[in-house]
Amino acid sequence: MPFWPSPISAQDVAAAGLRPGWPVALGGRVWWTEDRPGEGGRTAIVRRDPDGTCHDLLPAPWSARTRVHEYGGRPYAVTPDGDVVFAAQADQRLYILGKNGEPKPLTPEGSRYADLLVHDGRIWCVREHHDDSGKITRSVVSIPLTGGEPRTWATGSDFYAAVALSPDGEHLAYVCWNHPRMPWDGTELRVTSLRDGRAWTVLGGRSESVLAPTWKDDATLYLVSDRSGWWNLYESGLRGDGMRALCPAEEEFTLPPWQLGGAPYALLGDGRLAVLHGRGDLRLGVLDPATGALGDLDLPWSGWQPALAADGRSVTGVAHAARAPRSVVRVETGSGRAESLMGDAERLPDLSGLPDPRAVVVPGEREVHAFLYAPGDEPAP
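Just so it is clear: in the sequence shown, position 86 is 86 by the working numbering, and no numbers are missing.
Worth double-checking, as some hints may not be accurate.
Derived CB-CB ranges, DEER-like [to be verified]:
(1) Gly242 to Ala374: 44 to 52 Å
(2) Asp241 to Gly17: 47 to 55 Å
(3) Arg337 to Arg29: 13 to 21 Å
(4) Asp83 to Arg279: 35 to 43 Å
Hints listed in this document are in silico derivations from the structure and should not be mistaken for laboratory results.
Yeah, the Cβ is synthetic: ideal placement off N, Cα and C, and Gly gets one too.
Take these sequences, add in the hints, and give me the full structure.
As structure tokens, this is what we get:
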């Protein structure tokens, strides 16, 4: 054998396992998606009630998946009443899944939708329209939950993401950028007044990547910016005033936004923030934005999907570890108690040769980050 033996077989790699993602938490209940290879690869939507009972909400063969920006993202949102609005994989239309379990269409064909949120009887989202000539137009729109014509709030940029409504429903925040830039090159954080439709740029530009806006209150936004060279957390007024770093650090507080609908941090009920941060894999911690104090939670997971969902003082996410597959995890931030809500029961085989993250200084005094896979304990072949 020319290589060291591995405890992971080809059968292990090819085995069909559930892949959870995109949690939503509301009123003690948790929703998430499950990619199911054993069901033709469809994406199901699951709800877990406070008593621990899990329900499959999306009847087969329905599959929830969006293709906005082609990479897609979180394909659903939950209304205050617990109904689910989702993008159907087959035709990319939006449907609402009511109490009777039968999907009802809300939008016509020809458009795709992502980054969904529900507020005041409407769905707010990014729409990607494909016309008969193949031209693609993207915009931020709102759509009545009862169906009807979308209202456009922002258009003209090549890409949109991170739709967020202020608590009083007066302002809409979002991120946009244009070709040929990628979102880690440069974006703009914009705000639109829902009273008169006026829009303005709060922060960002061609050389600053601003991501993941979340409203602290009606007049203040939390956001992630790389103006320091690292994606750090900041807060800002609606005109870019009062900009301050919450926890300056030479590490990242998000990952590249390949997909829409993620949340690398979440606002807890006590005003603190559940945050993901690190150099390489992300750790889960709790940040006090008033003092800048950041404390990591003592948890067995080494990496998290940047899609957190807060409910009171608990936070739910999708986590993994070197020896454990992806799982939906709920953490009580006060006590640090963690509970795995869903995940494959089988743990991964024991591995002695886990990678070691390294930062190497190269000519020019720049750091290059890498993972070192050292030889195992077995004799060399």
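Here's how the hints hold up against the structure:
1. Gly242 to Ala374: 44 to 52 Å: Cβ of Gly242 to Cβ of Ala374: about 48 Å, so the range 44 to 52 Å holds.
2. Asp241 to Gly17: 47 to 55 Å: holds (49 Å)
3. Arg337 to Arg29: 13 to 21 Å: holds (18 Å)
4. Asp83 to Arg279: 35 to 43 Å: At 41 Å between Cβs, range holds.
In this structure, none of the earlier numbered hints is contradicted; all agree with it.
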